[in-house]
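Based on the hints, put chain D in the right spot on chain U.
Protein sequence lines, in the order shown, are assigned to chains U and D.
So that you can map any letter, position 107 of the first sequence is 107 in my numbering, and since no number is skipped, the others follow by simple counting.
All you need for my numbering is the position in the second sequence, starting with 1, plus 118.
Keep in mind the hints are simulated off the structure, nothing from the lab.
The beta carbon of each residue, even a glycine, is placed where N, CA and C say it ideally should be.
The reader is advised that the hints may include incorrect statements.
[What the hints assert, rightly or not] Away from chain D, derived, C-beta distances all over 10 Å, residues of chain U:
1) 20
2) 23
3) 86
4) 101
[Claimed, not checked] As a list, the in silico DSSO-like pairs of lysine-lysine whose alpha-carbon atoms are at most 30 Å apart:
5) U:106 <-> D:137
6) U:102 <-> U:19
7) U:94 <-> D:224
8) D:212 <-> D:137
9) U:19 <-> D:220
10) D:212 <-> U:19
11) D:137 <-> D:220
12) U:102 <-> D:137
13) D:137 <-> U:94
14) D:224 <-> U:102
15) U:19 <-> D:224
16) U:94 <-> D:220
17) U:19 <-> U:94
18) D:212 <-> U:106
19) D:224 <-> U:106
20) U:106 <-> D:220
Number of protein chains: 2
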Amino acid sequence: MSTDGSFYSIIDYTVDGTKTQHELVEAFVELQERWVRFYPGYHSARIFVSLDGSRVYNIVRWESEADYRHFEATSDTAGRVAAIRGALDGLSGKAEPRMSGKPHYKVVREVGPGPRRA
Amino acid sequence: MSTDGSFYSIIDYTVDGTKTQHELVEAFVELQERWVRFYPGYHSARIFVSLDGSRVYNIVRWESEADYRHFEATSDTAGRVAAIRGALDGLSGKAEPRMSGKPHYKVVREVGPGPRRA
Numbered sequence: 001m002s003t004d005g006s007f008y009s010i011i012d013y014t015v016d017g018t019k020t021q022h023e024l025v026e027a028f029v030e031l032q033e034r035w036v037r038f039y040p041g042y043h044s045a046r047i048f049v050s051l052d053g054s055r056v057y058n059i060v061r062w063e064s065e066a067d068y069r070h071f072e073a074t075s076d077t078a079g080r081v082a083a084i085r086g087a088l089d090g091l092s093g094k095a096e097p098r099m100s101g102k103p104h105y106k107v108v109r110e111v112g113p114g115p116r117r118a
Numbered sequence: 119m120s121t122d123g124s125f126y127s128i129i130d131y132t133v134d135g136t137k138t139q140h141e142l143v144e145a146f147v148e149l150q151e152r153w154v155r156f157y158p159g160y161h162s163a164r165i166f167v168s169l170d171g172s173r174v175y176n177i178v179r180w181e182s183e184a185d186y187r188h189f190e191a192t193s194d195t196a197g198r199v200a201a202i203r204g205a206l207d208g209l210s211g212k213a214e215p216r217m218s219g220k221p222h223y224k225v226v227r228e229v230g231p232g233p234r235r236a
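Next up, chain U with everything else stripped away, as it sits in the complex (with noise of 0.2 Å):
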């Protein structure tokens, strides 16, 4: 069951302020637009950084699983990984990953606006 169809990998980092948390986004942008935008079935890459400067997380949206798959099984892998750890070491404050087991995700219920439940 999933309300989208879509497969998601969530990338979850604590930091330590604003500086390194829009160092972090920009890195996070350039990873897309190097690594991975271009394969088929990419959807998207959303950044949320939160209002206290504490937190970023990219969502990384793909049309199916099966694009996801296509994606992990053709990439650089090798390649990707290390320009990860570059920009990482490129910070000049610390981020520290917050992901728990593998970021695989889907979304399985969506609840819109609508009256109160009684």
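Structure of chain D alone, referenced to chain U:
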């Protein structure tokens, strides 16, 4: 700078398996329907589950931060917090929050499909 002007609350839990994961999803749906979805500016709650059964995200979107602040100021926070606690207590397994700081977010960048950046 926000790409869509929206305000997001990101709720983030680890769980001890697919049974608890499913129960927590249903609890989040019920909490939205009883306590949140009828306030002005409520846009949606999208509930993500990890394919490995270990994690649940609930991403609640408001049209604007002002709409969220109005909800915060005018809703029954004590009742809602008690309902959340009751829902968590009613799970058959364990669920642990992974939030850090206030879970208030905006989207600052979105990367769509495109050519590889050189």
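Okay, the hints, checked on the actual structure:
| no. | hint | in the structure |
| --- | --- | --- |
| 1 | 20 | holds, 14 Å |
| 2 | 23 | holds, 12 Å |
| 3 | 86 | holds, 15 Å |
| 4 | 101 | violated, 4 Å |
| 5 | U:106 <-> D:137 | holds, 16 Å |
| 6 | U:102 <-> U:19 | holds, 28 Å |
| 7 | U:94 <-> D:224 | holds, 21 Å |
| 8 | D:212 <-> D:137 | holds, 10 Å |
| 9 | U:19 <-> D:220 | holds, 18 Å |
| 10 | D:212 <-> U:19 | violated, 36 Å |
| 11 | D:137 <-> D:220 | holds, 28 Å |
| 12 | U:102 <-> D:137 | holds, 18 Å |
| 13 | D:137 <-> U:94 | violated, 36 Å |
| 14 | D:224 <-> U:102 | holds, 25 Å |
| 15 | U:19 <-> D:224 | holds, 16 Å |
| 16 | U:94 <-> D:220 | holds, 19 Å |
| 17 | U:19 <-> U:94 | holds, 10 Å |
| 18 | D:212 <-> U:106 | holds, 21 Å |
| 19 | D:224 <-> U:106 | holds, 21 Å |
| 20 | U:106 <-> D:220 | holds, 24 Å |
Checked against the numbered hints given earlier, this structure breaks hints 4, 10, 13; the rest are met.
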